[in-house]
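Colleague: This is what each chain is made of:
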Amino acid sequence: MAAAARGCGGVWRRAWQRGAGGPAPAPRGQRAVACNARGGAVPEGKSGLAPWVPVVGLEIHAQISSNSKLFSGSQVQFAAPPNSLVSFFDASLPGTLPVLNRRCVEAAVMTGLALNCSINKKSLFDRKHYFYADLPAGYQITQQRVPIAVNGSLSYSLCIDNKMSQMVTKTVRIKQIQLEQDSGKSLHDDTRSQTLVDLNRAGVGLMEVVMEPDMCCGEEAAAAVRELQLILQTLGSSQAVMADYEIQRQIEELENGGTILNETRAFDSKLGCTVPMRDKEGKQDYRFMPEPNLPPLILYDAKSLPANLNHQQVVNIDWIHERLPDLPSVKRAKLVEQYGILPEHSFTLLNEDGLTEFFENVVKQTQMKPKKVIGWILKDLLSYLKQHSLTVKESPVSSFLLADLLNLLEKKEISSTAAKQVLAELWKGEEKTPLEIVKEKKLELIQDQKELEQICQAVIDGQENEVMAIKAGNRKVLNKLIGLVQRETQGRSNPVLVKQLLEKKLSQ
Amino acid sequence: MLRASLREVSGASPPGEPPRRGEGAPRSGVAAAAGRARKVSAALKEGHVTPTELCQRCLSLIKSTKFLNAYITVAEETALKQAEESEKRYRRGQPLSVLDGIPIAVKDNFNTAGIETTCASNMLKGYISPYNATVVQKLLDQGAVLLGKTNLDEFAMGSGSTDGVFGPVRNPWSYSRQYKEKSVPKSHSEDGESNWVITGGSSGGSAAAVSSFTCFAALGSDTGGSTRNPAAHCGVVGLKPTYGLISRHGLIPLVNSMDVPGILTRCVDDAAVVLGSLAGHDPKDSTTVQDNFKPFELPNLTDVSKLSIGIPKEYHAPGLSSEILALWSKAADLFKNAGAKVIEVSLPHTRYSIVCYHVLCAAEVASNMARFDGLEYGHRSDMNKSTESMYAATRREGFNDVVRGRILSGNYFLLKQNYENYFIKAQKVRRLIANDFVKVFGSGVDILLTPTTLSDAVPYMEFIKEDNRTRSAQDDILTQAANMAGLPAINVPTGLSERGLPLGLQFIGQSFQEKQLLTVAKWFEKQVKFPVIQLEVKRHDHGAFQHQKSASFS
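Residue numbers (the working numbering), protein chains in the order written: chain X, 1 to 508; chain V, 1 to 554.
The set of hints was computed from the structure by calculation and includes no laboratory data.
Computed from a predicted model, the values in this text were never measured in an experiment.
Relax, there's no trap hidden among the hints.
No farther apart than 30 Å at their CA atoms in a straight line, the calculated lysine-lysine pairs in the DSS-like style are these:
no.	chain 1	residue 1	chain 2	residue 2
1	V	Lys-428	X	Lys-175
2	V	Lys-428	X	Lys-122
3	V	Lys-416	X	Lys-122
4	V	Lys-385	X	Lys-128
5	X	Lys-121	V	Lys-416
6	V	Lys-416	X	Lys-128
7	V	Lys-428	X	Lys-128
8	V	Lys-125	X	Lys-128
9	V	Lys-425	X	Lys-122
10	V	Lys-425	X	Lys-128
11	V	Lys-306	V	Lys-529
12	X	Lys-175	V	Lys-416
13	X	Lys-121	V	Lys-439
14	X	Lys-121	V	Lys-425
15	V	Lys-428	X	Lys-121
16	X	Lys-175	V	Lys-425
17	X	Lys-122	V	Lys-439
18	X	Lys-371	X	Lys-412
One side only, chain X facing chain V, incomplete, derived with CB under 8 Å:
no.	residue
19	Ala-91
20	Leu-93
21	Ala-133
22	Tyr-139
23	Val-197
24	Arg-287
25	Met-289
Which residues of chain X face chain V? A few of them, derived with a C-beta cut under 7 Å, are:
no.	residue
26	Phe-88
27	Ser-92
28	Pro-94
29	Gly-95
30	Leu-97
31	Val-99
32	Arg-127
33	Pro-136
34	Ala-137
35	Gly-138
36	Asp-285
37	Pro-292
38	Asn-293
39	Leu-294
40	Pro-295
Every residue gets a Cβ at the ideal spot worked out from N, C-alpha and C, and that includes glycine.
If we strip away everything but chain V, and leave its shape as in the complex, we get (with noise of 0.2 Å):
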């Protein structure tokens, strides 16, 4: 994992400059060895890198890529500082864990002492948090060095990583020499720059960040499908634990009831790092389970006969592009293959999942969102004839339309006449869809394979052609689900689509079984060999960086 990662880093030098000692090809037998995860903490330990070199790199690689638009914030001064500090661990020998003095990313949802936290919002422009989440402390305190804050649809409500107030992120795989030799400008005038893709969001910031090799690892948010959908467009692995592992503390919520912080990853092994530094019960958080997580390894499985993989029928859903039906087929094949047992099964109620949590996530963001009145924090508008309409300006002003819209609906929904109707049914749906799962794992079924998303990546301009709503009922159908049933997932990158864009599959797990869903994304990773992206990072209009070879991404 990481020693990919950092081959990759090491690699992207500026010209001119001689590559380092230990950087570049890594020594032989150190090359082979298992339990990858640990690779740049050796390399660390070595001295072949330091911290503080580790971060410059990255820190000059966001800046190289600034047009992607990933990041909100770059933290520098503070990310050099804890490198520095990470640096000085390792010349004791004693660094903290495998995280120490590894570059990582952290959406702009989650609270972040000292370092703003915008939710991509007007409304909290500008706004300093005086705490930091949980996840992102317990990062800290294993030595990770936090470079900044990725770019989201604002308050996370989206799928596409278009709708924040500080713009779209574009995915670096619209730059790629795959991409660019594959797809075919409508015209020269378009030179490409109206050609690039979005990243699939909400954490659409954080999979450009780890698909960009600007950091190594990024937390994102998952209560849709907002880490699963854009880590599938970036091609870079996303995992969304079973809810209650992972504190929501310090996540400012969309759907308190499924929202889960998510892992995003160049590999199944790194996402399985992170996963166990930050798993486990966090008194701040009630709904964290209270039994002890411990970490793990992931096995190299060798041996999948045993395992029994579910195609759940319904999520050959409308609208699934026919080379994403033909990668599932040829997955499914490549277990059966193997040895395990591939078998159809249903879950008849998924198809409500879309509608169903269009009421529960509105009611909850309407709940959510009443205290931002513009008294304790946040913007407030100069409105001042009398508090009523304070309240009501400030909303006007700090949200975007897509916010204020589901304010508007989940207010409805929740109104005395309209709750049985709307919420209660749609809870007893969600219950419902919860159950499909149970079910389906009662019968012997380990793991379910489905697509992430129905196609691959879509042009910025083709996606705005709908709106918000729209492309988020047709963009959360396949990872839906997971989250109202709270099951853990994972979207493996799986290949390359016919216009050179990454296209992803998803396991689904049983609850708490992190482990067994790892192990064989991870077997499942290997045997598809997922290219790596060949970045072409030109001299950019946006961006005065040097010319880079695509080489030194590879």
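Here chain X stands alone, though its shape is the one from the complex (with noise of 0.2 Å):
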């Protein structure tokens, strides 16, 4: 099996268009429409007597993180041989049964919670019927009923302009999370006309988020799924390796005016792009019904857990809402509160993941203020690792490392170019100290006042037409000449100092 692996997320199946007339979704294959990010300038409709209005909703599914898979004991792993992974449940072999995964539910009432949801105390499961290869049973088991939560809310915001500092706050309401099976793969070999399963991810437990059709543009969209990403990547309740190509990909299309299908597609990690998966609505009918396998889903909460019933076996609401961590929101604000930093600067730090706790252990571990530590973070860690496509934690030099050199600035044993040479010495990892780097390269700062006032004379003395200038009163020249000391001195000069200096002799 080729590794074709689906993109959890971002899904767009609602994508249908509005006239002012009233709503009425759009049929398939008309044209959706491009907008910007306030949503207005929008084309006219034919009609020619109100604007085409785009709405967009979304269902995204996001692959619930558990050992094992949602009505089966299989084990839920990445990139395993094919079918190596596969229960008899999951290969649908006559006459096994489903049974839930305690965890998966877990999951699913964690994330309501940090939804805004309300949980229902009692869901239900469903069949929902199609053929297909990879769906071995003939029918996916989810729940369109009475899903697990309802009825919550999203924040996110958005930046306007592509301006860091003008960010608006947007809510997006949360129709329901279901939870529910994924299916296997299909890989279709054409050239021998063949198709081969693997059925690896056949059950693994999905939560299925719907929101409603409250955004009304890819940037919305994609900033509601950015912050979904960041909550689930935050519970735990999903790794939310969401493809961000699929996203793209529909804002590309809307933004040329293409078509949105209400389809459901895969993202070829090969290709690099998302193919179309299956006609997810067209005319096909699911012929649900009840999963009369399960019994109903039943939660409890601190008011109604019954007190004979083993602790093990129950899920109570209250609990996993006491133990709720920090949502990003929150984080974001305390960030801003404690460190002084720039709000917009609290979002990048929680976009990249394991960015947060670089920046607090650095701050930990130096006396430089957290203001200007968020400028190495931001500026040189993180230009560096995205030039690299490498990732926080795939980063050559540690926070130890970085407040290491950062310190060494803050005593001002060294200048910030000479500590920008450092850092490029350190991306090399070859496991050497900033000091040792510093020493190596003889980047210390000239602490001799003597040597540097003798090297500020030898400048002076040779640029008599620059010192005439400045005497006059170009006092702008005196940044050249502070260069031509920096350079003499490969950096090692404290240009504060130099300054003060050249100020001191050129006004003897």
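Two independent chains are provided; combine them into the complex using the hints.
Modeller: If you want it as structure tokens, here you go:
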């Protein structure tokens, strides 16, 4: 089997248009309309009476982080050999029955609570029927009638006109969260005209988060999905490795005035794009019916918890609620408050997995003010990582080494120019400490004032014209002299001190 | 229970062989002892008979009664191995349970690891499951010897055991002295051969196997009466336990919300023993109850005066034969005369049970059968133009008309535009039917007494004049409602018809009140003294076995 991983996110099943006269789902194949971030600038409808207003709703499938599948004991594992994680139930052997995985229920409850949903104390499972090679039972077990969580909301921020400083907060309503099974994977071999099926993923637990069509464009949708992804990762309920590609594709499609079909698309990591999975809505009748092998899923809270039940056997909503970690919005506010950084910086910190922790670790280990540290984190660390397509965890420079370096800078042992040079060395990952690099490359600031004075004097002596200009009142030229001293000292001089020395000498 | 059975089997030794020590007449004292369920174990323990001997005799009986077509697969080799293991345990003095060494049979819609599981369908011909159904595993864990898999209607869809791909099952009573003496062949040329009667179904193979002494107990399944109906026609006990008491894991489903593994035995005590070994929560079946189940021994009821027996008037159904009606009245009188309170009750919605069942059954069948697409297991058509054409051809070749018909109508009922009108309505009616029972039991009635079938078993040639659907609708009419409500119910063989065929009555109990139900059934069983089948296994066209005296089986 080739790797054909489906990104678990970004399924835009409901992209439809509305005329001003009232909501009217567009028939398939009609053109969707592009818009900008504020939802304005919309072409007029064919009638010429009113502008079209695009509406975006999302259904997002997030794979639940769990050791075993939703209804079987098979392991959940990425990139295992094909069909090596398949129980009798997953292969739909006759007579097998589903047994609900408690961990998946807890993940869904946690997610529901984080998205301000009401948790249904009684939810039901349904069968959704369709024939497909990677759906062995001929139906998917899902929660169509009474899902586990309903009526929530998700707040997200997005910047206007691509300016980080102009952020607005919006809210999208969450219609419901339902538990359901993932399908297997089919690989079509066209040359031999055969289909290969891998059932490793068949039966893995998914949370389908259904958003109301409250968004007006791809950018809003992308921001909402990004926020949801962060929430899921924070909860640990899903790794939420979303297919950004899919969102990007649809945004582009929308912005190009293309057509969004009602379909589920799969992400092909080889092609680097998504491909249609199967005609989703169309004329397909899923012939829903209650899943008779699963009793209603009953959840408890502190009040309704029966005393005689084993706590291992029940899911207590209140217990989960009390243990919810800080959500991204709270984390951001705390970062801004605690470290005095800008709100937009807090977004950047949270958007990269592990970056907040990295930042906080550096702050802990250095005397440098957090406000200054954030610059090094965002400008130097992050841009380096992005350039080399590395995650924070893969960074060759640890928070300890960076803190070490920033401490040298803070103690004025090196200049910031030298610090950047040291950092450039550190990226090589040669296991040298910043101090070793400083020593080796002789980057430490010249602490001997006499030596520095001599160098300054030599520069002044060699630049008669510039000195004249300065003395005539053109103070800007002083910077050139400072630069020359820096060059002479290979960045090992403290520019503030150099400036003072030059000024002193020139005024003599 | 097993004592009587032991005697029967022991007596079946081929002519010429001297009876073995301890066989034949039970020793005095032992025979009179209570707790008959432990009798065979006792005989095994004392070495009067060994598990291997027991197994061999059953196997040879299976051969000599092959023409009954009760078994689809006979697992001779594994059975003998299991018997050998059991024998070792007895020699060590460490039998696993009362069932250790006891030969049993299992309906061929329960998964058995290593032994073909076919559901009497082309779809699963040759299919060998990698796992045991929980009930099968439990029986094996207790030392039972699995003789083989019994015949049924394809995927348990039918009420005659006539619609499986391996052909119809013949009712052992067709070959009984009782029947032969009373039935008059229409012409001499027929010579009784075309006179054989059906077993009922769909667990006809299991009922025939128990009735013809080829095993001591058998598993059936019961969705609309599939255990009780053939039990009634074959003169054996057929227990449908409360839904959720016994695991369905490994039972290839017909209607998940109504299926229950059924128990077929020759007496009520045996049913209690087997029930005790099977009941209880199974982590692999979420619909089993969490409560612990305590196996029980049945008391010998002496006083029934505190009992309240309900006679539901709606069971006086059109088509009910006069002899069954008479038997039913007699049974009611029996209770009345013994001091029980016998009252007429009403279950007004029962008459909608069959039509409601047709919708719910078809819908679940359509869903459950979706997995048979030829990809993972079972039959796959050679048609390979496209995946879709392969599916279609596989399912057309694999399923018979009955199965395909139910799939078709089930999918129709589940269509978006029909769902409310059919499925939802049927579910509501099901609730009404169940509520009828709740009300009746709430009014103080302990047990309901009804007929199990409308008449005695019909000759095969007669039976096939109507189609499967019509037959199922007629035959399930008295048993179906208990499945709708999930209640325990049992067929107790009660008497013989004018034609010398078994007639049974049904007791329906309250949810999870199996002990009460079986206790009453046992009392009743004792009163009616149902005759033992006088099976005449003559040299048969199908079997080459030696002539046996009918007395062998009495």
